[in-house]
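Number of protein chains: 2
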Amino acid sequence: MTFELTILGSSSAVPTSKRNLTAHVLNVHERFFLIDCGEGTQMQIRKNKIRLGKINNIFISHLHGDHIFGLFGLISTFNLLNRDTDLHIYSHPELENILNRHIEYFEKTLSFKIVYHHLKPKLNEVIYEDDKIVVETIPLKHRVPACGFKFTEKPHLRNLRKNVVQFHKIPISQIQGIREGNDFVNEDNEIISNEKLTLPPYKIRSYAYCTDTAFTEKIVPLISGVDLLFHEATYAKNLKRQAKLTSHSTSEDAAKIASMAKVKKLILGHFSARYKDVSSLVNEAREIFPNTFAAEDGEKYQIELCREE
Amino acid sequence: MTFELTILGSSSAVPTSKRNLTAHVLNVHERFFLIDCGEGTQMQIRKNKIRLGKINNIFISHLHGDHIFGLFGLISTFNLLNRDTDLHIYSHPELENILNRHIEYFEKTLSFKIVYHHLKPKLNEVIYEDDKIVVETIPLKHRVPACGFKFTEKPHLRNLRKNVVQFHKIPISQIQGIREGNDFVNEDNEIISNEKLTLPPYKIRSYAYCTDTAFTEKIVPLISGVDLLFHEATYAKNLKRQAKLTSHSTSEDAAKIASMAKVKKLILGHFSARYKDVSSLVNEAREIFPNTFAAEDGEKYQIELCREE
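Chains as they are written, first to last, in our numbering: chain R, 19 to 327; chain V, 19 to 327.
Since the hints were derived computationally from the structure, they do not count as laboratory data.
There's no promise every hint is true.
Identical chains share a label here; the pair holds if one copy fits it or two copies do between them.
Here are the simulated EDC-like pairs of lysine to aspartate or glutamate, each with C-alpha atoms no more than 20 Å apart in a straight line [what the hints assert, rightly or not]:
no.	residue 1	residue 2
1	Lys221	Glu112
2	Lys67	Asp295
3	Lys262	Asp102
4	Lys280	Glu205
5	Lys258	Glu302
6	Lys221	Glu147
Whole structure, please, built from the sequences with the hints as guidance.
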């Protein structure tokens, strides 16, 4: 039951010799969600040994080149590999036109179908749901329409304690109910309380991805208490003016948001290419929100399963 | 007086974890020529410590995605860095429309001018010339119009032997003529033969780039005797049929061309992603043309200066 984020690229606007352009992959129970797709994403996917064919859903925050220019090559590669599974792309509606024009010229026909899901970046709404996970949009504040994404696991059921099924002779038909919290009445009409039969369920894990954005408190309730928050920190705090001008955040902005939303862990990224060393940005953020780390290409953040108390 | 090739990408069609998509940089006397521009080229340029601002001329062999998708990000980066020098792009005319549509949507305005040079891929003609180098097209045989490029140094002048200017009291006005091969008549009307005054000039160095192409003997006279030939070898010889079907070459095809053209050194590349290890392709080629090597990303091939005999 994996819940693991892989950072594929952590630079903003232009790549550096060590940082690729923005893309993340979230692995939820072996379902791989690609979030943004800057140039070089398909190479980073390969280098990080993620199977291309496992990616069926791509979430695009906004239509700036550093977040989408990798789609051209990725789609081309899927086509060359004769992909036949539908590819779902969640983005601003205009991306459909951009990709259609591109596909028409370079691919002619595709071996697979692209299903476009047009987002309304100003709304907080559920845009994806399956039996394991829910994805919702987080309206952001940028120069063009932009939204973040929150990935939240569906609630886990309680787990049966060891050997209780055999010991109390529980019929299979009642197991689901017990995992949902029911007590059990045995053949002697004794009530066995649910607590004796089960362990508390695993906690719901969550990840929020917020880039590109200026500082905006409006997102705080939407990302409240997430296990992992990725928030852009394009600039250090001394470039606050530059951040405001370009609708980006400073490391301090990101930490304030993390602190207000009481998240568990903050990852900074989308660093301006001017920073060869981002430790000063991390240190600035840690003064406000100590559990802060810098995104590095190829790094993985796993959220372990742990039980509710 | 550098003449050095850097391989930025050596995979065909789709990248692998070790091979990026096609792009080469040729450094001729500190002028940097970019040849093809697959996705990720700007990252490879940075990783190989080539200064982006030194690239003023880009040569595109043909309009398949794996040779051009890096242009979108590269142009965007040039714009973000406020480039102001003209960028010359040599390619099939259609690229101008593709890039114009792209720039119109993503960049709006550019800080620099792109000068498009429309190639006629079926002709062998000079498309670039400066005081150091001449570039000509090599018509290739592919599924879409495609051409290779030959880079040939301009002839070097003879070099003056040590101390001859002082010893024979040669006026500055006559030095150019002597370097061109003239004898010198001194104040006593003695003729000093050119051989006594000068060393033979450096040999002209040359590089030919041939991808994508099926085997075609027509290119042999056009690349005759080059110091370095890059010829695609998408497949091993046992996939000859596949090569023919897709208008690509086998390692054997490349070696035959190198042998017929009596080139000095052959580099194979544009390898199909199916080959994790390309040593079998190199060995096959070496049976026909021993001085063969496999292109590896980040590798440099320097052609040293040496004098004519």
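Verification of the hints:
1. Lys221 x Glu112: neither (38 Å within a copy, 56 Å between copies)
2. Lys67 x Asp295: between (27 Å within a copy, 18 Å between copies)
3. Lys262 x Asp102: neither (44 Å within a copy, 26 Å between copies)
4. Lys280 x Glu205: neither (48 Å within a copy, 93 Å between copies)
5. Lys258 x Glu302: within (13 Å within a copy, 60 Å between copies)
6. Lys221 x Glu147: within (18 Å within a copy, 68 Å between copies)
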